[in-house]
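Peer 1: What follows is the residue order along each chain.
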Amino acid sequence: MSVETILVFGEGDEGTPTGLTLELLAAARGLATNVEVFVAGDGAAMATELGAHGASKVYTTGSLDGKLTGVHAAAALQNHMETGSPDAVFFGQTPDGRDTAARLAVRIDQPVVTNNVGASIEDGALVVEEPVFGGTQNVFTAFRNEGPALALFRPKSFEAEAVGGSEAEVVTVDAVDPGAAGSAAVTGRHVEERSGPQLDDAEVVVSGGRGLGQPEAYVMVDELAGLLGAASGASRAIVDAGWVPYSKQVGQTGKVVKPNVYVACGISGATQHLVGMKGSKHIIAINKDPEAPIFGVADLGIVGDVHKVIPALIESLKSR
Amino acid sequence: MKVVVCVKQIPDPALPGELDPSTNYLKRDDKLILDESDSYGVEMALQLAEAAGGGEVSLVSMAPNGEVSGLRTALAMGAEDAVLISDDALAGSDALGTARVLGAAISRMSPDLVLAGVESSDGYTGTVPEMIAGVLEMPSITFAKQIEVDGNTVKVQRQTEAGYDDVECQTPALVSVTAGVVEPRYPSFKGIMAAKKKPVEELDLAALGIDAAAVGQSGARQETVRVTDAEERQAGEVIEDEGDAHEKIVEFLGELKIV
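Sequences listed follow chains Y and G, in order.
Just so you know, we're using my numbering here: the first sequence kicks off at 1 and counts up by one.
Just so you know, we're using my numbering here: the second sequence kicks off at 1 and counts up by one.
Mixed in with the good hints, there may be bad ones.
Here are the simulated DSBU-like cross-link-like pairs (lysine-lysine), alpha carbons at most 30 Å apart as the crow flies [claimed, not checked]:
id: 1; chain 1: G; residue 1: K2; chain 2: G; residue 2: K196
id: 2; chain 1: Y; residue 1: K288; chain 2: G; residue 2: K257
id: 3; chain 1: Y; residue 1: K258; chain 2: G; residue 2: K145
id: 4; chain 1: Y; residue 1: K281; chain 2: Y; residue 2: K258
Listed next, the stretches of chain G that the computed footprint assigns to chain Y, with coverage defined by at least 3 CB atoms under 8 Å from CB atoms of chain Y [to be verified]:
id: 5; region: 91-103
id: 6; region: 132-145
id: 7; region: 165-175
id: 8; region: 217-228
id: 9; region: 246-253
What the hints contain is simulated information worked out from the structure, not anything from laboratory work.
For each residue, glycine too, the CB sits at the ideal point set by N, CA and C.
Using the sequences plus the hints, can you model the full thing?
Peer 2: Set out below in structure tokens:
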């Protein structure tokens, strides 16, 4: 397989492609001579920005009218790929990316490799790199199938970069009715209030974990984050326990963050969490257990009680 | 209402994982346990069956060597019976092969609702549930944080990046549930004793009418070309707080020009 065309499954909100979509474009550009985007929804509104990031064409289904994306996107993709024949399709490791790749894999009987952080071409085959065991080892997998390679990539695996391309050509593709399998409908949307710096792009992230002891103690994390102009995050333990919403979760099943500084408060550092923040430039950890794995990755580790250290830190920052 | 829950039996996550150097498969030699991610699906199924005023909760699992330890845990929680697919030809199966096998087993069970965890704790591909729905040509709702069944309608709060969506569809359907949505019950002593006598039907590929070449390593059509050690992040300075650690943090943040 030589790689001529890579199709990127593009996602976006109100005409703006997600950062992850642009990261995938950067990865695809490095491997293929032609890069195209498929948008299950309104792709036309993103054509200028996608073009600037190197996409030649944007295939768009138009609005899905409240249908749950995966099945419908996969049906339209399969239909498109009968003539479009890309060598590979790159998806982001997102809910819709996973749903669509999974449904498409069944429809076209092709394998999917998930959770990748790197891609290369070796002897004509696409090879993807997936971290395992909490990021201590990397597994490199070559696609050996006849047909397009389907690969999912984790956020922040590549640097998005505009390369000054002109607006991508917009091509409307046919919607395909997947029958009863496509009957799931979105009847309401609930958006949690988001203010201040966001986890995805904050320069500093302050996260709290089980060591805070009780849900009320999370206000310390918010206050410290406020003083540092930081986004506040959380470990899976306290999200599962219902202390803070999922949108704050950092880790394997949450967000991947790579800030300049990451401050872990009362987080032991389960591999689940480490894979989501190990890429931070600098890590500060406060935990009372000297054996906590978080100290294995921290540049500055404080063995101490978060209920003493954080209030003192807050006072000290306020008095500056 | 008949609910089928997909459960994975995995190596104990508390023990260090290891790849078999000859095959690069995850080693599964020791006893396998119920994946914690799936205990939420089991609990949810039991609660939905109770809410429906009685219903049947069955389990389906694919595992090597006739492994049933994890299934027994879920049966002890209250599931009625289980189907286990075990076949040497399944070694090296990828997500799609796994979904074809589980899908074939589930279609024999004629469920109203299929539940699964969003992703397993060892492989975490997060694609098997949606692929099973694809194999069964069923509607599906992934990333559920709350499920309600009202007659033939499944109503789900589906977790999103920004919050959650209300999503609904008709049964039969598949729903994948996120961790932490319910508090999985601890099996009682009575439950553990009863689980030992509950039926576990063991099937091989022939019983499901699946060609061995379509699954396992040959069906996966991918090859692990190498495994490398990741660059280790070096631990820095670790100090004991003696009432002045916050000053050290301020100093560090100052060096980085954050304050």
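Peer 1: None of the hints should be skipped; say for each whether it holds.
Peer 2: Taking the hints in turn, this is what the structure says about them:
no.: 1; hint: G:K2 <-> G:K196; result: holds (22 Å)
no.: 2; hint: Y:K288 <-> G:K257; result: holds (27 Å)
no.: 3; hint: Y:K258 <-> G:K145; result: holds (27 Å)
no.: 4; hint: Y:K281 <-> Y:K258; result: holds (7 Å)
no.: 5; hint: 91-103; result: holds (count 4)
no.: 6; hint: 132-145; result: holds (count 11)
no.: 7; hint: 165-175; result: holds (count 7)
no.: 8; hint: 217-228; result: holds (count 9)
no.: 9; hint: 246-253; result: holds (count 7)
No hint from the list above goes unmet by this structure.
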